[in-house]
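Chemist: Those protein sequence lines, which keep their order, are chains A and B. For the first sequence, the numbering used here assigns the number 13 to the initial residue and increments by one for each residue that follows. For the second sequence, the numbering used here assigns the number 13 to the initial residue and increments by one for each residue that follows.
Hint data in this document are derived by calculation from the structure and do not stem from the laboratory. Do not rely on the hints blindly, as some may be mistaken.
It does not matter which identical chain is meant; a pair holds if it fits inside one copy or across any two.
[As the list claims (entries may be wrong)] Pairs of lysine-lysine, BS3-like flavour, derived with a Cα cap of 25 Å: (1) Lys131 with Lys99; (2) Lys110 with Lys161; (3) Lys63 with Lys99; (4) Lys146 with Lys110; (5) Lys131 with Lys110; (6) Lys161 with Lys84; (7) Lys146 with Lys51; (8) Lys122 with Lys21; (9) Lys122 with Lys99; (10) Lys63 with Lys51; (11) Lys161 with Lys37.
Keep in mind that this is a model prediction, so the values were computed, not measured.
Protein chains: 2
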Amino acid sequence: MEYLEAKEKFISTWGSLGTLWGINKAMAQIQALLFISTKPLSTEQIMEELKISRGNTSMNVRQLIDWGIVTKELIPGERREYFSTEKDVQELARIIAKERSRREIRPVIKTLEEVSSIKDDGTAATKEFIQQTKALHDLADTADSMLGKLVNQKQNWLTKSILKMFK
Amino acid sequence: MEYLEAKEKFISTWGSLGTLWGINKAMAQIQALLFISTKPLSTEQIMEELKISRGNTSMNVRQLIDWGIVTKELIPGERREYFSTEKDVQELARIIAKERSRREIRPVIKTLEEVSSIKDDGTAATKEFIQQTKALHDLADTADSMLGKLVNQKQNWLTKSILKMFK
DNA sequence: ACTAAATTTCAATAATTTTTGAAAGTTTAA
DNA sequence: TTAAACTTTCAAAAATTATTGAAATTTAGT
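Construct the entire structure; sequences and hints are all you get.
Modeler: Below is the structure:
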């Protein structure tokens with residue numbers, strides 16, 4: 013496989029993977045493009061490479077910046093803005109895990125806490141409801157705090173964790 | 013909050029969460045409904061509770077069965093089929109993690125392996141591409157095998173893992 | 001084998017999400 | 001202050017995804 017083919021395949025795979033971590037295709041593809049680029053890219057260059065419109069590029073780059081994954085690079089003597097993404101995969105994983113927790117997991121945990129706290133009126137349906145939503149709450153809470161712990165280790169957390177975990 | 017309100021809130025929250033674990037709204041809602049039900053439900057009952065069509069119910073129940081999350085219950089003397097879901101949250105988490113790995117993560121790892129194996133032609137772009145996709149491949153591979161380990165412990169894996177991990 | 005009950009399929013439709021492109025807004029430098 | 005360069009916004013259009021409902025198929029009892 014040649015570089016160009018591999019590049020296309022990577023960008024497209026990463027793009028369709030977007031849904032897995034909760035972002036849209038264009039957003040994931042822009043990130044992928046920046047991730048393998050040797051230097052920051054301008055809006056123009058991103059549009060050109062991915063064949064997407066200016067508006068689309070602008071909106072999705074902004075979202076990536078909101079996520080903390082992409083940063084503006086000011087190049088001296090250049091009017092236009094250039095963008096680059098976090099290049100360290102561990103750090104990237106940390107940012108993504110943290111943001112997903114904040115945006116999606118924690119709100120759900122809050123809801124589970126609420127609904128599992130209804131008063132037990134003695135009916136079988138209510139008992140089952142409370143029991144099951146509590147169990148779910150506990151699981152989600154534990155999983156999220158585990159993620160939080162992993163995510164707050166600055167260095168090499170995944171590997172370290174595995175070592176600890178499986179002797 | 014009363015039972016009925018809590019139930020609705022739970023089903024709707026769980027439904028919109030579907031995207032997080034890669035299934036659609038109706039599918040997640042059916043699973044949620046079964047999860048808090050004291051007994052298996054028929055297609056008819058699911059349609060009624062969730063206000064969705066017969067076809068929709070049929071297709072999504074089938075998918076849940078494919079995932080291994082829902083099972084047909086044959087009730088003696090009854091013609092129609094009844095369905096129930098795995099009630100143990102740990103087991104549920106195991107099944108979901110396993111399926112997601114198989115369906116989504118492993119294919120991506122395979123692609124990453126392929127694209128990171130192109131031959132180094134000496135250009136900076138190719139060097140960067142190989143380095144970055146390799147790093148991503150390593151991370152994904154490690155994360156997936158970690159998930160696999162967790163998932164193959166039958167009992168109480170999350171809690172145990174956390175204990176081991178954080179002393 | 002027949003029939004009625006139940007389930008599945010799938011083309012048409014609806015709902016949702018993404019993308020476009022052009023107008024409006026902003027910034028910089030002369 | 002002006003104007004060109006660049007960015008953002010957002011209503012409309014396109015693309016994608018989910019849902020319906022009725023016909024076709026399957027199943028189980030007689």
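Chemist: 25 Å Cα cut-off: does Lys110 pair with Lys161 within a copy, between copies, both or neither?
Modeler: Result: close both inside a copy and across copies, 10 Å intra and 23 Å inter.
Chemist: At most 25 Å between C-alpha atoms: does Lys63 with Lys99 qualify within a copy, between copies, both, or neither?
Modeler: within (23 Å within a copy, 47 Å between copies)
Chemist: If the cutoff is 25 Å on CA atoms, where do Lys161 and Lys84 land: within, between, both or neither? Let me know, please.
Modeler: neither (29 Å within a copy, 39 Å between copies)
Chemist: When Cα atoms must be at most 25 Å apart, do Lys146 and Lys51 count as within-copy, between-copy, both, or neither?
Modeler: Between copies only: 19 Å across chains, 49 Å inside a chain, cut-off 25 Å.
Chemist: Is it within, between, both or neither when you check Lys122 against Lys99 at 25 Å Cα-Cα?
Modeler: Between copies only: 21 Å across chains, 33 Å inside a chain, cut-off 25 Å.
Chemist: Go through the copies and call it for Lys146 and Lys110: within, between, both or neither, with a Cα cutoff of 25 Å.
Modeler: The answer is both: 24 Å in one copy and 23 Å across copies each meet 25 Å.
Chemist: With 25 Å as the alpha-carbon cut-off, assign the pair Lys161 and Lys37 to within, between, both or neither.
Modeler: Neither way: Lys161 and Lys37 sit 29 Å apart in one copy and 30 Å across, limit 25 Å.
Chemist: Measure nothing new, just compare the shortest in-copy and cross-copy C-alpha distances for Lys122 and Lys21 to 25 Å and report within, between, both or neither.
Modeler: between (39 Å within a copy, 12 Å between copies)
Chemist: Can you tell me if Lys131 and Lys110 fall within 25 Å by alpha carbon in one copy, between copies, both or neither?
Modeler: So Lys131 and Lys110 fail the 25 Å test inside a copy (33 Å) and across (35 Å) alike.
Chemist: When Cα atoms must be at most 25 Å apart, do Lys63 and Lys51 count as within-copy, between-copy, both, or neither?
Modeler: Answer is within; shortest intra-copy Cα gap is 19 Å, inter-copy 53 Å.
Chemist: Under a CA distance limit of 25 Å, which applies to Lys131 and Lys99: within one copy, between copies, both, or neither?
Modeler: Result: close only across copies, 22 Å inter versus 50 Å intra.
Checked against the numbered hints above, the structure violates hints 5, 6 and 11; every other hint is satisfied.
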